[in-house]
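S.K.: Assemble chain B onto chain A, guided by the hints.
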Amino acid sequence: MNVRTDIIKPPKQDIFKSGKFRSIVVQIIVMVLVVGSIGWIVNNAATNMKANGISHGFAFLWETSFFDIGYLPFIEHTASHTYFNAFVVGLLNTVLVAVLGIFLATIIGFLIGIGRLSDNWLVARFCGFYVEVLRNIPLLLQLFFWYHAVLRILPRAKNSLNIGDSFYLNLKGLFIPKPIPEVGFNYVLLIGIFSIISIIFLFFWAKKRQALTGQQFPVFYASLAIFIIPILIVSFLNNTPMYLEDPVLKGFNFKGGIRLIPELVALLLALSLYTASFIAENVRSGILAINKGQIEAANAVGLQRVPILRLIIIPQAMRVIIPPLTSQYLNLTKNSSLAVAIAYPDLVHVFAGTALMQTGQAVEILAITMSVYLTLSITISLLMNWYNSAMKLKDS
Amino acid sequence: MKISNVLKLFASVLMLSFGTSAIADTLSDTKDRGHVRCGVSQGLPGFSNPDENGNWVGIDVDVCRAVAAAIFGKGGDDKVEYFPVSAKERFTKLTAGEYDILSRNTTWTLSRDAKIGLTFNGVNFYDGQGFMVPKALGVTSALELDGASVCVNTGTTTELNLADFFRANGMSYEPVVFEKADEVLAAYDSGRCDVHTTDKSGLAAQRTKLAQPDEHMVLGETISKEPLGPVTREGDEPWSDIVFWTLNALITWDELGLEAGDALKTIVGDTSQTPEVKRILGVEGDQGGHLGLDKDWAYWALFEVGHYGDMYERHVGANTPLALARAGSPNAGWKNGGLIYAPPIR
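Those protein sequence lines, which keep their order, are chains A and B.
Using my numbering, you'd call the opening residue of the first sequence number 1 and step up by one each time.
Using my numbering, you'd call the opening residue of the second sequence number 1001 and step up by one each time.
Chain A on its own, in the form it takes in the complex (with noise of 0.2 Å):
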């Protein structure tokens, strides 16, 4: 037979017609493009910035500061303190109000997200209300409303509205006593922590107690007994060594007690109102995606109303939830921002606002305070993450 073996052999392999060798080739160009101009750009600014006579770098980070900041719930800042430390206030004070509005965002968006789907016709329309009106204003309407509509009709700090003299409310703020421990009180805190570990064990008994004989123990009223009842002993016999410092007025301010300034109030509500109407659409869709047999087959067995949302729904809607929730933290966090728009000393309005302005350098403050919101955003994506495959059905 006259076979034809051009036809038949393979052709020839072209290096460059190979798919493999070319999207190799297009990403070397692409990254090459892509560190080019980043560098070209950051030489252009260095060079530009250099010829305008304009400093740069980051030592500036080690100068002193020469202003104040107002409010510092942890650590210390005078004018004497550097950049770095006003830095550190900034990022602090921007981390507490995005703790602390995550943690309330997410209460009340569980409960508003619930409550729209109460059975009762009063809540669940008061739900579905608080919803539509609050995703539907923009936030930074929400902060100036909180801050200079109602905030600002409080009485000033002489006519202060007071209760019992330990709590005062006026346009500087809420103050509340502040307990102080005395003598004997590393007793009491020594009792608490055995208490707590004590406490932990028992869940686990609890637990492995009910898987094997099916009884189940009261471990929330035990563990209530357990924490409250040494500690009231040890401290009766201590004398109570711990008193409350209440606030008093002393010239134009409170002196003593805890503060709440009232800019972190309204930063605070804002914040969290406003997320949790999102957080509540959320958890509505979490329940409304787990089947009605689930739900039917947890009433056939005879399971009470609270035990079917804590047991059933809840762990099964969370696999739902939590990526969307991942989100919503994430834009809390960023929308802390705004408080550059009331007097919070936020990092934006420490740092990228006063400091900037007082060493003029832009460049440099900009791209810090920007990698610092990277980093708290991708910190809690992490945490997220890893809370969600916690959760997540695990097949076997």
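The set of hints was computed from the structure by calculation and includes no laboratory data.
Glycine included, C-beta positions come from ideal geometry on N, C-alpha and C.
It is possible that some hints are incorrect.
[Stated by the list, open to error] Covered stretches of chain B, as calculated for chain A (at least 3 residues, CB under 8 Å):
| id | segment |
| --- | --- |
| 1 | 1085-1096 |
| 2 | 1163-1174 |
| 3 | 1226-1237 |
M.R.: Chain B only, in chain A's frame:
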């Protein structure tokens, strides 16, 4: 609005990053454009504030108008584009080239001059920081302010002087820092703060905006020196020279005690005037040429805007709402015991 501020700031930084570093020639750019670009405040009566017709007026605005008149000649004072900016973003936008003169009650300090890339071009108002308090507080001296909440504008020397003053006197205070002057005032008026602090001229201007101005007083102490003047970018000396000498031409005319405006028409033709007068008006010599301008640069600046004393009395003087008498203040001419003094134009 706040977000857009941050965005604008960011855009300015980007401009700094992308813009080519060509040698700056602001004068020819300005001539090509046909108008001067001028950064002003967001509304500070007497300094830079829109009037009822929306035109910018004030002692800072007049500096830009004079520069424009010196460049463009007759009617040149209208050839100005104004950019209202907050204290925080004023320098970034200047260095990024959004405008070419910053005439916005800006204090001349070492770090601004040497570190941020700015050039200060003389002083058009000598100010000093003070405190305003409600009369009801019963405070008579700034030294009684221990523990007070103080409302202050961010990104200002005010914020730093405040820290210095309280530290130096061993007193504590709570700074409440806002981005806009209006927010500072609103917070003070509502009672969030006990004290409002800024430059004394600013306090005089802000007090007129309060709900009940008579219930507030400015304390006697002046805690800082605030020489305010027009600012330009570092690295374009010819442009900075124009701004500096235009301002000083206005001051010189005030020192000479001559009238500006329409009176110049007769002065310029009067051969009996001194050589100095002839030199300034461009009748003799070519001082304008050294600045890259026409011979009659100062003539038009003085014709359109008036001299320094006119500027002062028109916007901040005793007969204005600010009521800051010039006599006896640092803003009087040096011959009258003040600090206003111009180097010789020759």
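S.K.: Each hint should be assessed against the structure and marked as holding or not.
M.R.: So, going through the hints one by one against the coordinates:
no., hint, in the structure
1, 1085-1096, "holds (count 5)"
2, 1163-1174, "holds (count 6)"
3, 1226-1237, "holds (count 3)"
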